[in-house]
Amino acid sequence: MQQLLTTVLTGLTLGVIYAAFALALVLIWRATRIVNFAQAPMAMITTYIALVLIDAGYSYWLGFVAALLSGLVLGAVVERFVVRFVSGKSEVNAVILTLGLFIVLHALAAIIFGSRYRSFPAPFGLRGFQVGDTTIALTGFGVFTILAVGVVMVGLVLLFRGTDLGLRMRASAFNQEVSRLLGVKVGRMLTLGWALAALVGSLSGLLIAGGGLVHPSYMDGVVVYGFVAAVLGGLDSPVGAVVGGVLLGLSLSLVSGYVGSELVPLAALVILMVVLLLKPGGLFASVRERRV
Amino acid sequence: MVRRHLLLALGALVVVVLVLENTSQFRNAQFGAMAYYAIAAGGLTVLTGLNGQLSLGHGALMAVGAYTTALMLQSREDSLPLPVILALAIVVTLVVGALVGVAAARLHGPYLAGATLALAVAVPGIPLFFGEWLGGEQGLNVRLPEIPVWLADAAYFVTGQELTQIRFLAYLGWLAAIVVFVLLANLSRSRIGRNWQAVRDDEVAAELAGINLGRARVQAFVVSAGCAGLAGGLLALSARLAAPSGFTLTLSLLLLSAVVLGGLGSLVGALVGAALLTFLPQVVTGAGTDLGLTDVQAAQLAPLIYGLVTVLVVLLAPAGLAGGLRKLINWRRSS
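Protein chains in written order, with my numbering: chain A, 1 to 292; chain B, 293 to 627.
The set of hints was computed from the structure by calculation and includes no laboratory data. All of these numbers come straight from a predicted model, not from anything done at the bench. Even glycine gets a Cβ: it sits at the ideal position worked out from N, Cα and C. Any given hint might turn out to be false.
With beta-carbon atoms standing in for the labels, derived distance ranges [what the hints assert, rightly or not]: (1) E438/B with M1/A: 58 to 64 Å; (2) T581/B with S261/A: 33 to 39 Å; (3) E313/B with G257/A: 29 to 35 Å; (4) D587/B with P121/A: 28 to 34 Å; (5) T135/A with F422/B: 41 to 47 Å; (6) E429/B with L62/A: 35 to 41 Å; (7) G584/B with T134/A: 54 to 60 Å; (8) R116/A with L620/B: 26 to 32 Å; (9) D133/A with Q430/B: 39 to 45 Å.
So these bits of chain A aren't anywhere near chain B, every CB distance computed over 10 Å [stated by the list, open to error]: (10) V86; (11) H106; (12) F129; (13) A137; (14) G150; (15) L182; (16) G211; (17) G212; (18) S251.
Taking lysine to any residue pairs in the SDA-like style, the calculated list, with each CA pair at most 25 Å apart, reads [as the list claims (entries may be wrong)]: (19) K619/B with E91/A; (20) K89/A with V77/A; (21) K619/B with L607/B; (22) K619/B with S90/A; (23) K89/A with G428/B; (24) K89/A with D445/B; (25) K89/A with K619/B; (26) K279/A with L607/B; (27) K89/A with A498/B; (28) K89/A with R170/A; (29) K89/A with G183/A; (30) K279/A with W29/A.
So here's chain A without its partners, still in its complex pose (with noise of 0.2 Å):
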């Protein structure tokens, strides 16, 4: 039973946080059509410059704010600058774009940063709740990573339906030519996209990394995991990648816990694979049928 408990809280921590990165592939699929691979490193390099701000001495919200912020910068800057002009082209071509900016992001972290494992600060405590004389497998941090994902969700939604804005840029992810012809800035609007996703994936590159270990590869098994909840959701619809997320994190620290933790990208790629042949409209799809 505690054990149980144990596993389904750690579970449930790392979903949410899959759940954002997750959030973040599906902004800018719903926006381009593409998925972001390049997004792990990119939120590994936003990582980084919070670790360079924290071990020169700065405190760790001012490293967490600059992640953030250099995060909104570098999403807006490859949408821009890169992936612009691939866009409406080849779906391989895409994909392709996005790896080699992964290998790009990937060899420049570790000229940069250096390729060792560096060890990353937690603002909040990382030992468990004590209820009564049990201690639980819920943190400090934890909480924080549950609340600060949640802060992220509600402004996200509070910014794609309460505001202008946010209309303007659900237009244009709906249909380019007809929100042109309404005088939107699709253009404008797409790079907005890509910024906003990329700060997502920064948060969740910074959630993954306190308390833990950071070296240029680490977030390479989440950007397999965020897929897998992305698709697990429809890939269309962002509830749909926060419930994927959450529903992903507890059963891999099923797997992790009962099974063993070698297997857990292993687990990842089954649930993957029954969703796309069984499911291939994932649980929360807005179009019925869907090519994958």
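Starting from the known structure of chain A, fit chain B onto it as the hints suggest.
Coordinates of chain B only, in the frame set by chain A:
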């Protein structure tokens, strides 16, 4: 066409003998590495270029071939002959490739990329989980069998030089590479290869023409997996080791970038890409240390260049370096 391919293969064989006999041990080892990269890249370029399926999981398929080879070379005495072992490595990878291919045939574009990415990340965990059997983090050591006496004698008789283990492996690799390239070249010009291209270019038209889409995709994936298995087996022989750290996501991504650099779908391009994968790191790392970078930093310059060139090729010259060169030559001729 078939005859032309055979003639080219014969020419290639002569070049291989001349090059390997007249270069140092170190270069021999590098050429050996180029041979297995070329085989893997050749298989991948047929899959991605001719059939339009993107695989980020070829590093994982190479791992299957490498581990099969290593498992069969655990003791020096009673091992099977190397060609048999490599054939078994191909067969095992074919089976795995068929399983992946059946699933992959129903996916396209980003979905296929994501699924094969998951494969590339998942496979290195398997030897860690079955540590007792597959050697865990340290991996499995490969005990190379002795070169057969008759072969060593024959080689000495023809070339006048002792046949070293490294040179022997380089020959083995290139022999395999030449056979694979002739088969792939013939295959892509055959009915099957044309079916693959038809599926890539227009699914609906291909289906109307009576092509079974699923079968064509699975065929392409299986052929490509077989190449990856052979390449993995040769890699295990050259490295004398099969370990999870040799088959990271980076390997899969570099293979893909090699194929893109050379030009998707072009076997010559696959050779160019394999040559870049083998020889560029040394050149660039040397230049990097001269510029005052540490060894660790300089070692990352090569992937940085692969990545940058991949991005540039996709943006500027989708036909790859080989295709770009061909275009330039044609343009020169016509003007």
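To see whether the hints hold, each was checked on the structure:
1. E438/B with M1/A: 58 to 64 Å: Holds, since E438/B and M1/A (Cβ atoms, about 59 Å apart) stay within the stated range.
2. T581/B with S261/A: 33 to 39 Å: 38 Å, holds
3. E313/B with G257/A: 29 to 35 Å: 58 Å, violated
4. D587/B with P121/A: 28 to 34 Å: Roughly 29 Å apart at Cβ, these two residues keep to the hinted range, so it holds.
5. T135/A with F422/B: 41 to 47 Å: About 33 Å separates the Cβ atoms of T135/A and F422/B, which means 41 to 47 Å is violated.
6. E429/B with L62/A: 35 to 41 Å: 38 Å, holds
7. G584/B with T134/A: 54 to 60 Å: For T134/A against G584/B, whose Cβ atoms are near 56 Å apart, the range 54 to 60 Å holds.
8. R116/A with L620/B: 26 to 32 Å: 44 Å, violated
9. D133/A with Q430/B: 39 to 45 Å: Check passed, 42 Å falls within 39 to 45 Å.
10. V86: 7 Å, violated
11. H106: The assertion about H106/A is violated, with a minimum of 7 Å to chain B.
12. F129: 31 Å, holds
13. A137: 23 Å, holds
14. G150: 26 Å, holds
15. L182: At about 29 Å from chain B, L182/A clears the 10 Å cut-off, so the statement holds.
16. G211: 23 Å, holds
17. G212: Label holds. Min Cβ-Cβ 18 Å, cutoff 10 Å.
18. S251: For S251/A, whose nearest Cβ neighbour in chain B is about 14 Å away, the distance exceeds 10 Å, so it holds.
19. K619/B with E91/A: Holds, because 24 Å separates the two Cα atoms, which is no more than 25 Å.
20. K89/A with V77/A: Holds, at roughly 20 Å.
21. K619/B with L607/B: Between K619/B and L607/B the Cα gap is close to 16 Å, so the pair holds against 25 Å.
22. K619/B with S90/A: 21 Å, holds
23. K89/A with G428/B: 43 Å, violated
24. K89/A with D445/B: 58 Å, violated
25. K89/A with K619/B: The given pair, whose Cα atoms are some 21 Å apart, holds under the 25 Å limit.
26. K279/A with L607/B: 35 Å, violated
27. K89/A with A498/B: Distance ~21 Å between K89/A and A498/B Cα, so the pair holds.
28. K89/A with R170/A: 21 Å, holds
29. K89/A with G183/A: 24 Å, holds
30. K279/A with W29/A: 19 Å, holds
Violated hints, listed in ascending order, are 3, 5, 8, 10, 11, 23, 24, 26; each of the other numbered hints is respected by the structure.
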